[in-house]
Amino acid sequence: MNENVIIRTVTQIMLPFIQIFGLYVIAHGEVGPGGGFQGGVILGASVILISLVLGKKEARKRLSMKWNDVFNSTGVLVYAGIGFICLFLGGSFLEYGVLPFGSAEKGNHLGMVGIEIGVGITVAAVMTTIFFEASEKDDD
Amino acid sequence: MIEFIAGKYNFWIAIILMMIGFYGVIAKGNLVKKIISMNIFQTAVFLFYISIAVVDGGTAPVLWDKNVPFDNPLPHVLILTAIVVSVATTAVALALIIRIYKDYGTIEEDHIREIHTKRVTEARKNELC
Amino acid sequence: MEIIYSPIPLYAMLVSLVAIIPIYFSKNQPNVREFWTIAAAVIKFLLVLSMVPAVLSGQEIVFKFLTAFPGLDIKFRVDALGLFFALMASSLWIITSFYSISYVRAMDEHAQTRYFICFAGSLSATMGAAFASNLFTMYIFYEALTLFTYPLILHEETKDAFRGAKIYLTYLLGTSIAFLLPAIVITYFTTGTLEFTPGGVFGASLNGGASTALITFTFFLFIAGIGKAGIMPFHSWLPNAMVAPTPVSSLLHAVAVVKMGVFVVLRVVLYVFGVDLLKDIGLGTFLACFASITIIFSSLIAMRQDNIKARLAYSTISQLSYIVVGVSLLSPGGITGSIMHMVIHAFSKITLFFWAGAVYVALHKKYISEIAGIGKKMPVSMAVFTLGALSLIGVPPFAGFISKWYLVNGAIQSELLPIAIVFATSSLLNACYFIPIIYIAYFKPLPEGVSDEVQEAPLMILIPMIITAAMTLILFFAPSIFMDMAEIAVQSVTGN
Amino acid sequence: MNFVEHLHVLIVAIPLLAVPIIPLVGRLRLDFSWYFTFLALSLSFFMSLNLLMNVWGSGPVSYFLGGWRPPWGIEFHFDLLNSFVMVVTTFIAFVSVIYAKQSVANEISYDKIPAFYAVFVLFFVGLFGMIATGDIFNLYVFLEITSLAGYALIAAGKRRYAKMASFNYLILGTIAATFIVLGIGYLYMATGTLNMKDLAERLPEVYESRVVFTGLAFIIVGLLIKMAVFPLHLWLPDAYKYSPSVVSAAMAATSTKVAAYVMMRILFSIFKIEFNVIGIPITELFIYISSIGIIVGSVLAISQTNIKLMLAYSSIGQIGYIVLAAAMMNPVALSGGIIHILNHALMKGGLFFVVGAVAYKLGTEKISDFRGLGKRMPLSAFAFTIFSMSIVGVPLTVGFVSKWYLVTGAVASAHWYVIPVILLSSLLTAIYFGRIINLMYFSKKPDEGEIIRNEAPFGLVAPTLAVAGLCIFFGIAASVPIEIAAKAADALIGGGLWK
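Residue numbers (numbering that gives the first Met the number 0), protein chains in the order written: chain U, 0 to 139; chain R, 0 to 128; chain B, 0 to 495; chain Y, 0 to 498.
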């Protein structure tokens with residue numbers, strides 16, 4: 000936990016922007032540079048920043064262990080779920096074109112966004128998990 | 000001869016980096032240094048991959064003018080995956096090192112082995128008594 | 000030749016294997032347990048007997064159990080030679096069962112259930128080998144017998160027993176894996192079949208490319224691989240296995256193990272290589288010389304043994320080589336003699352082992368030097384022993400004479416006089432190591448302080464001995480069943 | 000494309016989907032995590048059986064992920080060879096998850112069980128993927144997935160040195176994987192494709208190029224480490240010794256075998272058999288290496304006092320058989336090698352099951368503590384006896400079948416010097432397993448009282464006995480797997496796998 004007022008305040012102010020930027024990068028991944036991995040890392044970094052500056056307790060309060068685990072799994076589930084939906088709709092695994100968004104092109108777009116979201120959630124959650132696991136001294 | 004060396008400099012760099020990493024993995028006793036060397040080793044391979052994708056005068060294959068030659072994007076994509084894998088491996092390795100440190104109080108391989116042997120012999124002694 | 004398809008050989012093999020289950024579950028009621036053993040023995044004998052008429056009338060009984068994998072069948076075929084062996088083993092099993100039951104009870108042995116289970120198992124293996132129709136099936140039962148007899152040999156669980164059993168297992172498993180298996184593989188590969196064929200499977204392949212060198216090599220792999228036949232230098236498991244209880248030794252020597260060894264030798268020589276082929280290459284003579292050395296040497300070693308069972312063991316080694324020599328003469332007389340010697344040696348040797356067991360049960364004596372004068376204490380047993388020993392030496396009114404007659408005849412037929420001389424010498428040596436026992440027992444005085452009142456083994460031990468001894472006489476006067484079968488077998492392999 | 004064809008990709012996809020679900024449901028109730036694991040892996044098993052029947056009936060099947068055809072997309076390619084390996088692997092997964100329930104509850108701390116199962120499934124996902132994929136880079140990715148999961152599983156072992164064992168494996172495993180990826184890069188450089196089928200078509204033109212040689216050499220060395228073939232086996236004994244028992248069983252039964260499958264695929268179906276003739280005689284080299292490995296593995300196994308270590312060294316010997324079979328390059332021996340993948344999976348998996356059951360009840364892994372096991376745990380001891388007879392190669396067990404084919408294959412391709420190696424190792428194997436059987440049944444300490452029967456729970460004994468039953472069943476009725484293996488071997492050698 001850092002006692003420096005400037006750092007604490009700046010962090011508090013910056014946090015929403017960092018997170019929004021993370022979400023932007025995730026959403027943008029389908030048409031430009033960026034994507035689930037990069038965005039997820041940014042999101043994860045925001046949580047790590049909280050824990051570095053405001054202390055681990057604060058970070059755990061905002062993102063509890065339980066939710067962290069749940070995010071871990073849901074991200075992958077979103078990814079695999081979309082894959083399976085494609086499958087049930089008559090396409091191959093992850094063949095977005097068959098998604099029911101009107102045209103194949105639109106299906107491709109939105110399907111990919113969905114995938115990126117799934118990847119982003121997982122990467123963010125995994126980043127935080129790794130950080131917490133590594134930094135905790137007296138666990139188990 | 001010069002041509003042989005200079006013409007394929009990307010290979011040589013990759014090989015030299017690889018060997019540096021390999022040496023580190025083998026010779027270093029410190030577990031963290033081992034991991035660093037391992038990363039160098041892997042990165043050398045990644046560099047090699049990227050370098051074979053280059054096309055003379057090529058550009059990035061993103062929204063490019065169709066008349067200009069472009070670099071082969073496939074190795075880049077592959078290496079992205081490989082990097083993720085390597086990060087994951089490093090993460091697992093570091094997590095292991097933390098656990099090892101908690102157990103043994105050191106991350107020097109020789110010390111760990113010493114402590115382990117001592118523990119095993121003690122356990123055997125206790126059993127005999 | 001007429002062929003009958005019938006599962007009887009399978010049943011005959013399975014009877015004792017199935018009997019293991021009731022034997023195991025009645026482990027707390029010894030009488031019930033022993034009932035199962037006897038019942039299985041009798042049923043097995045009857046099943047074997049039921050096949051005799053068909054085989055005597057020149058038919059063969061075939062049953063294919065299953066195909067393990069392409070080219071390798073588990074298949075049974077009952078021909079004269081196989082039935083001959085089966086008949087001998089199953090009839091002796093009944094006698095041995097009675098004997099073992101009374102022996103283990105008299106000695107108050109531990110782990111009796113395990114003992115009877117393994118006994119039953121080894122009989123199944125013996126039957127399976129007797130009826131095996133190809134080398135693969137034969138190999139399976141050959142190995143199975145080794146594994147089933149292993150617990151019997153270490154039955155005492157003493158240090159010596161473990162050592163003996165380990166040597167037993169090493170020799171038998173070792174030779175079979177190291178030599179027999181590759182020999183079978185080579186056979187399969189060069190001839191494309193493993194079926195036993197009268198006249199041999201190699202004969203046809205000689206023209207087809209298999210070189211003489213390869214055949215010779217394979218032949219020696221076979222001979223070295225069949226460790227159970229006790230041909231030197233792979234004989235030393237037999238004396239070491241003598242740590243086992245006496246009924247087990249009799250099982251080893253007379254019924255199952257060594258007999259299976261020579262039986263496999265017969266099968267390999269007659270049905271895999273074939274008489275004609277071996278004659279052409281001259282391998283028969285070579286094997287005969289080789290086994291002759293075993294005959295002489297083991298007889299000489301036997302003379303130096305003080306332990307009764309060790310002396311009998313070396314005697315067995317030498318007698319087994321009679322059978323091997325007989326078949327390797329490749330003449331009708333020699334083969335008949337060797338087949339007959341299988342059964343005659345079985346009855347004679349089992350009598351001797353029963354006697355050794357009886358002496359141990361009654362007087363706890365193991366050494367020849369200790370039995371001075373026991374002719375007075377155990378008159379019946381000693382009489383029985385004398386009969387068995389005389390039969391083995393080859394004295395006329397006993398069965399041993401028949402086989403020796405044929406063997407010598409065979410040697411002369413094949414114009415191998417030295418072999419005939421070996422037989423003669425070895426008969427002399429037989430006498431040299433059996434007569435002293437008789438002499439010591441009857442004519443040496445009892446040690447001082449030992450009363451000369453009769454102290455016989457239990458009646459249930461005596462009866463089996465008397466039966467087997469009587470058989471040595473009966474076989475001399477009425478050898479017809481066995482003789483007929485032997486002749487059918489000889490006819491089929493020599494072609495006349 | 001109808002739904003039945005999707006079943007094939009679901010073999011990999013369903014366990015993959017289960018990986019995130021398992022820890023989630025594990026939060027609701029601890030039991031659920033096991034049920035989901037079981038559900039996912041058993042579905043995979045049944046689907047892979049269906050796959051094998053399909054492939055047997057109507058030839059190889061291809062599946063394009065995302066509908067992208069190669070060279071852009073990733074292809075799952077199923078032919079007789081990998082469907083067979085797939086069935087073996089899924090079967091081991093299926094059995095070991097049944098075994099896992101009680102074993103894991105005993106060995107892993109309560110709160111880590113859901114995570115453990117998730118990683119356990121992930122380990123198998125990687126293996127299934129390795130088997131299924133028709134894309135050589137994808138193969139590397141799946142290889143790393145299994146390896147990573149494997150490191151985590153080994154580190155879950157109770158003893159403290161487990162972490163160090165896992166770390167050592169991690170270092171060696173990563174080096175191996177990096178070698179493989181480098182080799183793949185070389186092949187890509189020479190041919191411009193990563194799809195295995197395309198590689199097989201394009202490689203013959205560049206067989207003489209040094210790039211291809213180097214690439215193959217890197218891949219092979221990497222795979223040899225993964226297979227733990229003799230001089231590169233150092234990671235294996237510790238890894239097996241310190242991991243939880245169910246992990247040792249699952250790993251010993253599958254992971255090295257899958258690597259062996261990959262080697263067969265690369266040597267004979269991506270590269271053709273002619274490569275060996277034009278290029279360097281790799282296979283000759285393999286014969287020497289594996290022969291030495293077989294003997295050394297057996298000798299080292301004899302000298303062990305820890306049962307898990309003994310089995311681990313025996314594995315090193317056994318993997319040598321598969322390499323040897325592949326290296327002799329004739330259909331008979333090769334089908335022996337393929338069948339040995341099944342057989343060794345059954346035998347070694349079963350042996351580790353028994354060891355796990357003994358550790359569960361008696362808390363020991365020392366060989367000397369097996370004394371009197373025949374009375375104490377009769378069923379486990381019986382199963383152990385069957386497995387060891389099988390591994391020695393007693394007829395009517397699976398071990399005999401593979402040895403028979405190996406020896407016949409050696410005769411067929413005139414590799415005479417291989418026969419004594421196989422026989423000698425059988426004898427050595429007989430020594431170290433015979434010793435244990437002796438201890439279990441025939442040696443009782445004189446001062447010891449009556450031994451109390453203390454059998455492991457049903458959940459551990461049932462799968463063990465089932466595997467033992469299969470050991471006998473496939474030893475007697477070997478025709479079924481042999482037919483598949485023989486056909487696969489013919490196709491592999493004749494280059495017919497891609498049709």
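To be clear, the hints were calculated from the coordinates, so they are not data collected in a lab.
Please note: incorrect hints may appear among the correct ones.
Straight line, CA to CA, 20 Å or less: simulated SDA-like cross-link-like pairs of lysine to any residue [unchecked claim]:
(1) R:K101 to U:I129
(2) B:K158 to Y:S442
(3) Y:K111 to U:M64
(4) B:K165 to Y:V220
(5) B:K63 to Y:L395
(6) Y:K157 to R:V119
(7) B:K165 to Y:L438
(8) Y:K271 to Y:S302
(9) B:K63 to Y:I475
(10) R:K101 to Y:V220
(11) R:K7 to Y:F37
(12) B:K365 to B:R104
(13) Y:K365 to R:K32
(14) B:K63 to B:F161
(15) Y:K111 to U:S134
(16) R:K101 to U:F131
(17) Y:K365 to R:T116
(18) Y:K365 to R:A94
(19) B:K63 to Y:I107
(20) U:K65 to Y:S442
(21) Y:K374 to Y:G433
(22) Y:K374 to B:F161
(23) B:K158 to Y:L438
(24) Y:K374 to B:T192
(25) R:K32 to R:V119
(26) B:K63 to B:H109
(27) B:K375 to B:P395
(28) Y:K111 to U:G54
(29) B:K165 to Y:G433
(30) Y:K157 to R:H115
Which chain Y residues stay away from chain U? Per the calculated CB distances, all over 12 Å, these [what the hints assert, rightly or not]:
(31) H5
(32) V8
(33) L9
(34) P22
(35) S41
(36) F45
(37) M52
(38) E200
(39) I294
(40) I471
The beta carbon of each residue, even a glycine, is placed where N, CA and C say it ideally should be.
Results of checking the hints against the structure:
At roughly 17 Å between alpha-carbon atoms, R:K101 and U:I129 fall within 20 Å of each other, so this suggested pair holds. Restraint check: the Cα-Cα separation between B:K158 and Y:S442 comes to about 10 Å, which is no more than 20 Å; the hinted pair holds. Distance check on the hinted pair: Y:K111 and U:M64 sit about 14 Å apart at the alpha-carbon level, within 20 Å; holds. Restraint check: the Cα-Cα separation between B:K165 and Y:V220 comes to about 42 Å, which exceeds 20 Å; the hinted pair is violated.
Restraint check: the Cα-Cα separation between B:K63 and Y:L395 comes to about 16 Å, which is no more than 20 Å; the hinted pair holds. For the given pair, Y:K157 sits about 15 Å from R:V119 by alpha-carbon distance, which is consistent with the 20 Å threshold. Annotation: proposed proximity of B:K165 to Y:L438 holds, straight-line Cα distance about 13 Å (limit 20 Å). Between Y:K271 and Y:S302, the direct Cα distance comes to roughly 41 Å. Violation of the 20 Å bound is thereby established for this hinted pair.
Of the pairs offered as hints, the one joining B:K63 and Y:I475 holds, with about 13 Å between alpha carbons and a cut-off of 20 Å not exceeded. Note on R:K101 and Y:V220: the hinted pairing is violated, with a Cα-Cα distance of about 34 Å set against a maximum of 20 Å. For the hint linking R:K7 to Y:F37, the alpha-carbon distance of about 53 Å lies beyond 20 Å, and the restraint is violated. Proximity of B:K365 to B:R104 is assessed by CA-CA distance (about 19 Å); at most 20 Å being required, the pair is judged to hold.
The suggested pairing of Y:K365 with R:K32 is violated, with an alpha-carbon distance near 36 Å, which exceeds 20 Å. The suggested pairing of B:K63 with B:F161 is violated, with an alpha-carbon distance near 39 Å, which exceeds 20 Å. Restraint check: the Cα-Cα separation between Y:K111 and U:S134 comes to about 19 Å, which is no more than 20 Å; the hinted pair holds. For the proposed pair R:K101 and U:F131, the alpha carbon gap of about 16 Å is at most 20 Å, so the pair holds.
Distance hint between Y:K365 and R:T116 is fulfilled; the C-alpha atoms sit about 17 Å from each other, no more than 20 Å. Note on Y:K365 and R:A94: the hinted pairing is violated, with a Cα-Cα distance of about 31 Å set against a maximum of 20 Å. Distance hint between B:K63 and Y:I107 is unfulfilled; the C-alpha atoms sit about 51 Å from each other, more than 20 Å. Simply put, U:K65 and Y:S442 have alpha-carbon atoms about 54 Å apart, too far for the 20 Å limit, and the pair is violated.
Under the criterion of a C-alpha separation no larger than 20 Å, the hint pairing Y:K374 with Y:G433 is consistent with the structure, at around 17 Å. The hinted pair formed by Y:K374 and B:F161 meets the criterion: a straight-line CA distance of about 19 Å does not exceed 20 Å. At most 20 Å may separate the alpha-carbon atoms for a hinted pair to count; B:K158 and Y:L438 meet this at roughly 13 Å. A threshold of 20 Å between alpha carbons decides the hint, and for Y:K374 with B:T192 the separation of about 43 Å lies outside it, so the pair is violated.
For the hint pairing R:K32 with R:V119, the CA-to-CA distance comes to about 27 Å; that exceeds 20 Å, so the pair is violated. Our distance criterion of 20 Å between C-alpha atoms is broken by B:K63 and B:H109, whose separation comes to about 40 Å. With a CA separation close to 26 Å, the supplied pair B:K375 and B:P395 exceeds the 20 Å bound. Annotation: proposed proximity of Y:K111 to U:G54 is violated, straight-line Cα distance about 26 Å (limit 20 Å).
A threshold of 20 Å between alpha carbons decides the hint, and for B:K165 with Y:G433 the separation of about 9 Å falls inside it, so the pair holds. Between Y:K157 and R:H115 the alpha-carbon distance is near 15 Å, which keeps this suggested pair within the 20 Å criterion. At the 12 Å boundary, the C-beta of Y:H5 falls inside the reach of chain U, the nearest C-beta of that chain being 6 Å off. Listed as outside the interface, Y:V8 is inconsistent with that label: its C-beta sits roughly 5 Å from the nearest C-beta of chain U, within the 12 Å cut-off.
Look at Y:L9: its CB is around 8 Å from the nearest CB on chain U, not clear of 12 Å, so calling it non-interface is violated. At roughly 6 Å from the closest C-beta of chain U, the C-beta of Y:P22 falls inside 12 Å, breaking its exclusion from the interface. For Y:S41, the non-interface assignment is confirmed: its Cβ lies about 18 Å from the closest Cβ of chain U, beyond the 12 Å cut-off. Y:F45, annotated as away from the interface, keeps every beta carbon of chain U farther than 12 Å; the closest lies near 18 Å.
Every C-beta of chain U lies more than 12 Å from that of Y:M52, the closest at about 21 Å, which supports listing it as non-interface. Under the 12 Å C-beta cut-off, the non-interface status given to Y:E200 relative to chain U holds; the minimum distance is some 23 Å. Taking the minimum C-beta to C-beta distance to chain U, about 43 Å, the non-interface status of Y:I294 holds against the 12 Å cut. The claim that Y:I471 lies off the interface holds: its Cβ sits roughly 39 Å from the closest Cβ of chain U, which is beyond the 12 Å cut-off.
Hint violations for this structure: numbers 4, 8, 10, 11, 13, 14, 18, 19, 20, 24, 25, 26, 27, 28, 31, 32, 33 and 34, all remaining hints satisfied.
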